[in-house]
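Student: This is what each chain is made of:
There are 2 protein chains.
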Amino acid sequence: ARPVRAPRGTQLHCKGWQQEAALRMLCNNLDPDNGENPDELIVYGGLGKAARNWTCFDAIVRTLLDLENDETLLVQSGKPVGVLKTHENAPRVLIANSNIVPQWANWDTFHELDKKGLIMYGQMTAGSWIYIGTQGILQGTYETFASLGLKHYNSDLTGKIVVTAGLGGMGGAQPLSITMANGVAICVEIDPDRIKKRLEKHYLDIEVSHLDKAIFKAKEAARIGKPLSIGLCANIGDILPAMIQKGFVPDVITDQTSAHDELNGYFPQGLSFKAALQLRKTDPERYKDMALNSMADHVRAILAIQKKGAVAFDYGNNLRAQAMKRGVDNAMDYPGFVPAYIRELFCQGEGPFRWAALSGDPEDIKVTDRELVKLFPEKTKMINWLKMAGEKVEHMGLPTRICWLGYGEREKAGKLFNDLVRDKKVKAPIVIGRDHLDCGSVASPYRETEAMKDGSDVVADWALLNCMSNVASGATWVSFHDGGGVGIGYALHAGQVTVADGTLAAEKRVTMVLRNDPATGIIRHADAGYETAIDVANTKGVKLPMINMH
Amino acid sequence: ARPVRAPRGTQLHCKGWQQEAALRMLCNNLDPDNGENPDELIVYGGLGKAARNWTCFDAIVRTLLDLENDETLLVQSGKPVGVLKTHENAPRVLIANSNIVPQWANWDTFHELDKKGLIMYGQMTAGSWIYIGTQGILQGTYETFASLGLKHYNSDLTGKIVVTAGLGGMGGAQPLSITMANGVAICVEIDPDRIKKRLEKHYLDIEVSHLDKAIFKAKEAARIGKPLSIGLCANIGDILPAMIQKGFVPDVITDQTSAHDELNGYFPQGLSFKAALQLRKTDPERYKDMALNSMADHVRAILAIQKKGAVAFDYGNNLRAQAMKRGVDNAMDYPGFVPAYIRELFCQGEGPFRWAALSGDPEDIKVTDRELVKLFPEKTKMINWLKMAGEKVEHMGLPTRICWLGYGEREKAGKLFNDLVRDKKVKAPIVIGRDHLDCGSVASPYRETEAMKDGSDVVADWALLNCMSNVASGATWVSFHDGGGVGIGYALHAGQVTVADGTLAAEKRVTMVLRNDPATGIIRHADAGYETAIDVANTKGVKLPMINMH
Ligand SMILES: NC(=O)c1ccc[n+]([C@@H]2O[C@H](COP(=O)([O-])OP(=O)(O)OC[C@H]3O[C@@H](n4cnc5c(N)ncnc54)[C@H](O)[C@@H]3O)[C@@H](O)[C@H]2O)c1
Ligand SMILES: NC(=O)c1ccc[n+]([C@@H]2O[C@H](COP(=O)([O-])OP(=O)(O)OC[C@H]3O[C@@H](n4cnc5c(N)ncnc54)[C@H](O)[C@@H]3O)[C@@H](O)[C@H]2O)c1
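Protein sequences, first through last, are from chains H and U. Add 418 to the 1-based position in the first sequence for the working numbering, that's all there is to it. Add 418 to the 1-based position in the second sequence for the working numbering, that's all there is to it.
Calculated from the structure, these hints are not laboratory results. Keep in mind that the hints are not guaranteed to be accurate.
When chains are identical, the list treats them as one kind, so a pair holds in a single copy or across two.
[Said to hold, decoys possible] Simulated crosslink set (BS3-like; lysine-lysine; CA at most 30 Å straight-line):
no.	residue 1	residue 2
1	Lys743	Lys534
2	Lys699	Lys845
3	Lys433	Lys926
4	Lys958	Lys805
5	Lys726	Lys533
For clarity, every value in this text was computed on a predicted model and none was experimentally measured.
Go ahead and model the full structure; you've got the sequences and the hints to work with.
Tutor: Here is the structure:
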């Protein structure tokens, strides 16, 4: 329990930039400006942690400071357990978090193991040291709402009202994303501190104290086509029935409470915020039961609002599956955001490409923004995003940027960044990574792989092949997790982060990783029968033995 | 459906020995002399296959023939799905078999996916192309029975009678292992062809037609201390109650039917062999129900025999867990073979080290046997095994050898083999691999990781770290599977195979893999608190950040 902040500047503390990058990004995940609850080592998404405990954190730091350029540190659920002699082009860190033998992969077993100090929840980018604050999800959320607008209204969200809940680590990106798409947002959040934080960071425009006021303000803004985000401190379980009763139907309804975790992530209807926090400790079983019942009502309300004409979609928090446990058999009547708005991008190898300036200097990110625009002058959507991000996104912790890039583009960007480091256009090396939510890296039947064309939603071989490919290609660190947004047992996924330090060796590694990593996405979607993926493979030369070879 | 046999000799068909080795070992898994049912591509263990179907097999072969020395083939559940450009020290093949998102990782989902052609059961060494016939398990089985003798009788099995069932791909090793330990075996097997096959291969000494005769012969041999193995064609579900009724109590009781697979692996009591095969097709649900009920009775009988004084242990086929599904709550009253007889070896990094002579010449294996004896003159148990194996083990497919070696020893043996290839003491390169059942590679709470000291039986991070370490170290092919002997959802495990082709590059890869692979076993057991593992780490220099560094 102490404030941790990544070292900045060009001075090495470790024996190489790869180890240094792991060290800085681990610290950055726990920076109070970045992570949600650093005292408990929690980065985001309910329980997602960067290290198992502070003793383990210290040991990771010590080991990274010592680690040779031909050694590899093994991290098991946030604990450093071994150091192997490997070689210079092997990863410096290999990470496995929250993986449990499938038959036992559920929350009860997880919490038992957690109590014994044997495991840690890695979420997606918490335990893999590439969380970049709400910007990380901001871009994805923006892409989702922009794509929703295009699909349903053939425009952006001008004049449309979105209702959602949850302003946590990821959900906090919703109000700004929606206003970036020119829409109006009513965001319900039970924790007053979360609302305060989003107001301070300018992710949220205003706060109101009553539902009537929220609806009034929203309608007013929508009528004149003004973007506006409105925070309302309440339980969504109270708000939706009230909306229905008042006859108010928003244009879009979704949710980003941490519904995947019925104990630590979701507040049951009928309890005050404080009473709920209390009950979590005094009677967790009762709490979980109440939370699941509330989720069932929550989904029933969303379905009712959908019936009245709203566009409803699930935002990857497992809310629908939780409601099904309490008998809401038609919970899947509204789609997940991936099949609805993201899959077509995955088929092109597009995914949440991101990078951080290890110098700590925001100017370095401006340089990368500018150079990317020059490299891809035809990508207008990306250019718009970079412009808005440059204006509206405050850096949280180390300066970072995210933008979705496709197969072929990522490796070009990687080479560009390495050149910028080599030519001293930026002050220190740049790390390049991505979310575990990517085209080839994840098996998650209620989110990324929901409703696959060939019915292969639950097949997890793909995530493992992605993981192994990233190790083989020489990523600086590679991670494999169970869990994430949809909870233990519901998803398996891999991550990679690679350092561009300006050397030729780094250029080789960076381009190889950034080619092969999205290539597994093309391969996975081509195998499932998506024409777009097969086209990309054919035009860009991704070798598919049973489709385009021989 | 055609006979497949690995190419022999020194002529390359592929562009390098690594690809050639993968090609030959894939073919070797399907050699009718080696695999159990090659027509269906089944290698062993119920459904364990080498390729998804013959079209996929052909495509794998074509792709391997084409594969460059800096390319990597991705295999998803026995189907070749992509080829990536990597580098010379990366694996040539990455394999993921039978992996399903945990919440869905069960037989019903597996069979559904199988029907859709989306998955394949990889078992342990079937889908990872390093099955070496019954010899593979022979050594492990021999070690187990030898270790059992030592523990319970402070000697070998002279004068002791073992009762078991199942003479399949793995179970077929039981009679010879038991007689190698000088004991007497009664082996019950319902499939007459399996008995015939074991008699032909001299793994089984005689067959008798009635239980009375089996008991008589067994007692006679035991009395004079003569090793003898007796086959009895029957359902074990009929035999055990009859034994109890006759008042016959063996010294040891175990079982190696494919109980992990209630549809394709276990024959329910009360049906003839043929009637059972019929019912599998006409009414699989009824079949499964009957099989599970039989297993419950089977375990009850074992428990009863244990109560009468027999040593009982589970041989890794999930029989106890299956019986628990039908209410046998005390099924775990007899231990698994790993905590009882194997764990202490795992703590020393010992595991089923194995190799194959790609020349196809048995003489090459004799050379390796001789040289190993010279390299480790102090390892008398190993020397005895190599002598017996040299005399009694017929090669099935390519000539192979297995012997358990520990941390430090494996890399020495790897270097030795590479030297032998370089110096042309053997005619062609040698591939070195192991079973997925090894000290660091597997998470399997009903088998390899049953009853871990710290309660971490179900934590699967370890298997993933092993997998990633093998990729990072440059193994020729690396595999990751769900399933194996205990069935889908009950185990996750990794495998590696590496080619010694006599080059310096191969020496580096082979020694790195053979050091780091068992190192993860030392690390895993040290973290769980096993003193032996910590001692080995301290004396042999395995770096443990929170135990012996800083
Ligand atoms: N695209 C993605 O990858 C993706 C996207 C979005 C969300 N998710 C998932 O969405 C969820 C949210 O993530 P997060 O990081 O923001 O989690 P978080 O735990 O940081 O935030 C959740 C917020 O919801 C609030 N909340 C909970 N129950 C509530 C209720 N009944 N009424 C009002 N507010 C309530 C909490 O106070 C908290 O602020 C997670 O399940 C996450 O995994 C994933
Ligand atoms: N050490 C290990 O790694 C290890 C060790 C042993 C066994 N196992 C497990 O043991 C099991 C056996 O493996 P295998 O490869 O020999 O399988 P297999 O399917 O090739 O053979 C099983 C045999 O059992 C026979 N059988 C089934 N039900 C029977 C019954 N009721 N009565 C008599 N015979 C019956 C079948 O006819 C078959 O010959 C598997 O579950 C395997 O995974 C693993």
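Student: Run every hint past the structure and note whether it holds.
Tutor: So, going through the hints one by one against the coordinates:
1. Lys743 - Lys534: The answer is both: 28 Å in one copy and 27 Å across copies each meet 30 Å.
2. Lys699 - Lys845: Close neither inside one copy (48 Å) nor across copies (68 Å); limit 30 Å.
3. Lys433 - Lys926: both (20 Å within a copy, 23 Å between copies)
4. Lys958 - Lys805: within (29 Å within a copy, 56 Å between copies)
5. Lys726 - Lys533: neither (45 Å within a copy, 40 Å between copies)
Checked against the numbered hints given earlier, the structure breaks hints 2 and 5 and satisfies all the rest.
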